[in-house]
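Residue numbers (my numbering), protein chains in the order written: chain A, 1 to 339; chain B, 1 to 339.
If you're looking for bench data, these hints aren't it; they were derived computationally from the structure.
There's no promise every hint is true.
Since the list gives no way to pick one copy over another, a pair counts as held whenever it fits inside one copy or between any two copies.
Said to hold, decoys possible - Straight-line C-alpha distance at most 30 Å; calculated DSBU-like pairs for lysine-lysine:
1) 172 - 235
2) 235 - 147
3) 235 - 202
4) 109 - 270
5) 12 - 270
6) 270 - 259
7) 172 - 147
8) 147 - 170
2 protein chains.
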Amino acid sequence: MVHDINRQVLLKSRPADIPEAENFEIVNAPVPELGDNEVLVRNIYLSVEPAMRGWVSEVANYSETVPLGTVMRAFTVGCVAASRHSDYRPGEFVTGMFGWQDYASIEAKVIQRKVTETDLPISTSLGVLGLNGITAYFGLLEIGQPKAGGTVVVSTAAGAVGSCVGQIAKIKGCRTVGITGGPEKVRICRDEFGYDTAIDYKVGGLDVALAAACPEGVDVYYDNTAGMISDEVLKHLNLGARVVICGTASIANWEPILKGPRVERHLLVKRARIQGFLVLDYAERYADALQELTPWVRQGLIRYREDILEGIEQAPGSIAGLCRGENFGKRLIRIASEE
Amino acid sequence: MVHDINRQVLLKSRPADIPEAENFEIVNAPVPELGDNEVLVRNIYLSVEPAMRGWVSEVANYSETVPLGTVMRAFTVGCVAASRHSDYRPGEFVTGMFGWQDYASIEAKVIQRKVTETDLPISTSLGVLGLNGITAYFGLLEIGQPKAGGTVVVSTAAGAVGSCVGQIAKIKGCRTVGITGGPEKVRICRDEFGYDTAIDYKVGGLDVALAAACPEGVDVYYDNTAGMISDEVLKHLNLGARVVICGTASIANWEPILKGPRVERHLLVKRARIQGFLVLDYAERYADALQELTPWVRQGLIRYREDILEGIEQAPGSIAGLCRGENFGKRLIRIASEE
Chain A
1 MVHDINRQVL LKSRPADIPE AENFEIVNAP VPELGDNEVL VRNIYLSVEP
51 AMRGWVSEVA NYSETVPLGT VMRAFTVGCV AASRHSDYRP GEFVTGMFGW
101 QDYASIEAKV IQRKVTETDL PISTSLGVLG LNGITAYFGL LEIGQPKAGG
151 TVVVSTAAGA VGSCVGQIAK IKGCRTVGIT GGPEKVRICR DEFGYDTAID
201 YKVGGLDVAL AAACPEGVDV YYDNTAGMIS DEVLKHLNLG ARVVICGTAS
251 IANWEPILKG PRVERHLLVK RARIQGFLVL DYAERYADAL QELTPWVRQG
301 LIRYREDILE GIEQAPGSIA GLCRGENFGK RLIRIASEE
Chain B
1 MVHDINRQVL LKSRPADIPE AENFEIVNAP VPELGDNEVL VRNIYLSVEP
51 AMRGWVSEVA NYSETVPLGT VMRAFTVGCV AASRHSDYRP GEFVTGMFGW
101 QDYASIEAKV IQRKVTETDL PISTSLGVLG LNGITAYFGL LEIGQPKAGG
151 TVVVSTAAGA VGSCVGQIAK IKGCRTVGIT GGPEKVRICR DEFGYDTAID
201 YKVGGLDVAL AAACPEGVDV YYDNTAGMIS DEVLKHLNLG ARVVICGTAS
251 IANWEPILKG PRVERHLLVK RARIQGFLVL DYAERYADAL QELTPWVRQG
301 LIRYREDILE GIEQAPGSIA GLCRGENFGK RLIRIASEE
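The whole structure should be built from the sequences, with the hints applied where relevant.
Structure follows, in structure tokens:
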């Protein structure tokens, strides 16, 4: 059932740092026409993620800046409402970068994948079985190269990516230490995500807490924060340690560039490495990751949390809340039912 | 011919930063007795190297601090003067960490290697065919992973390690850019070491010079300096670039830790990595490196310079001079003839 209005969330102005509700506006547009070989997708869940801060920034980044006045870029999962492509039939679920809007008429090739694991909620296709899980998978295994018995430290440990990193590390036989903010997230890290220990960075004394949590040092540090949390973790690196830079959540603005402790000598003495990681570089191998991740989720080896906001009206303010850490688990916006 | 006096250079006091002549003293000791299975080596060339600054420092490092009142740790090449081990005969040349002294009586197992390429000067066994060449070889090829057509930037480009890095990169089909200090070293980089271009960092405008020298960006940065030179090079990294931290020559003192531009965001956006490298980790593969390096030196594909000081009296002041960049090529001290 196709409605006659397509609600869209447009980027109205560029934020100085964190995107706030006022940087967006919701407009009513006509439902797009379906061209040859195109598929009309009715979005059900819109994704909200930390990377959006970069997408709306003017500063050079790994992806193009979202132009003002256009639909906010976002991963979504939706239902095929109409199709003029033989590979897709109405009623099938698909994921892709269809934007913060009700409807997208798209070329079939921009569909990321068909969601076939229909025994699991389709929302998982945007989180633990979407880019978050895939990011955790390749970042940890390819860049972090964990070894059984080693210690893996994860920042934003209760987040959509971090929680998955911790659990994959556990599956691989590592000791896992999560860094997160607040007592409730510490509890979730330990009780739900199986971290051997979790540290609340907000109470201070991170250096001492890390020393206690990592008596044999740190072999892999999966970093989603940058900044002072990372500075402390780096002090505990073992010989040959690997640091995965997956995100820089603690730092809102990189212009001008911030100063921090110089890493050269420490990396030399420890023969350690720091490496930036972007999941998009692994696009051709997403299916391989999902093939491992899906049974892990089914078997309960990887647990996940979702923070689902109701209604497209929630979208404009949803990034700021994420940056403030108010969510527990993968943040999504439900804008339609699956029926 | 064994003399009856063993001149030794002892570490007398710890320098605040750069080791100066006054931190050492020369004493006369008896020539050591030869124990069972031991070899008496008469040193001919003593090595002087930047790492010595770390060896005499109290700050934690990748090797033990040289204790006060003991012979300064150093690589040397010498001649077997007497032997009670069946593998070594008088007159053979051997290298090892035999210290700044005339004679060392050592267990055979601490000998690094027998110098058999007698068509080349034995001094090369401490430089281009010693740890400098081997450092360049593994650091560039294993950590830097250069690819034909890529751009390799080298700091301390005219130095014992740097000059070798540039030439190996050239052998591997890369475009090579050397950073060095002063017009004479720039000339040597271009004319002797075959860099495609060389930059004098002392004249300023390094950022502009790098942009001109690396129109297609930097794929590998082999860093011997750390500090502000590196900060500039990092700005020019390509996607997936590799930075090899081999030394930190520009920074005399890391206590307290210095501040510099934070690298996290840049590494993330560029999916680049920075990795510390220590040649000692490759000890079991030195022979493999020499097997490639030796013919390259014989064929003139790798040229080298030596800065040979005459007499053990030169040893105490030799490190400071090296840190000031006054040498052209591998610095050695000749304390005996090869006859």
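Against the structure, the hints come out as follows:
1. 172 - 235: within (24 Å within a copy, 36 Å between copies)
2. 235 - 147: within (20 Å within a copy, 33 Å between copies)
3. 235 - 202: within (19 Å within a copy, 33 Å between copies)
4. 109 - 270: between (45 Å within a copy, 27 Å between copies)
5. 12 - 270: Between. Shortest inter-copy distance 28 Å satisfies the 30 Å Cα cut-off; intra-copy 47 Å does not.
6. 270 - 259: Both: 22 Å inside a copy, 19 Å across copies.
7. 172 - 147: within (7 Å within a copy, 33 Å between copies)
8. 147 - 170: The answer is within: 10 Å in one copy meets 30 Å, while 36 Å across copies does not.
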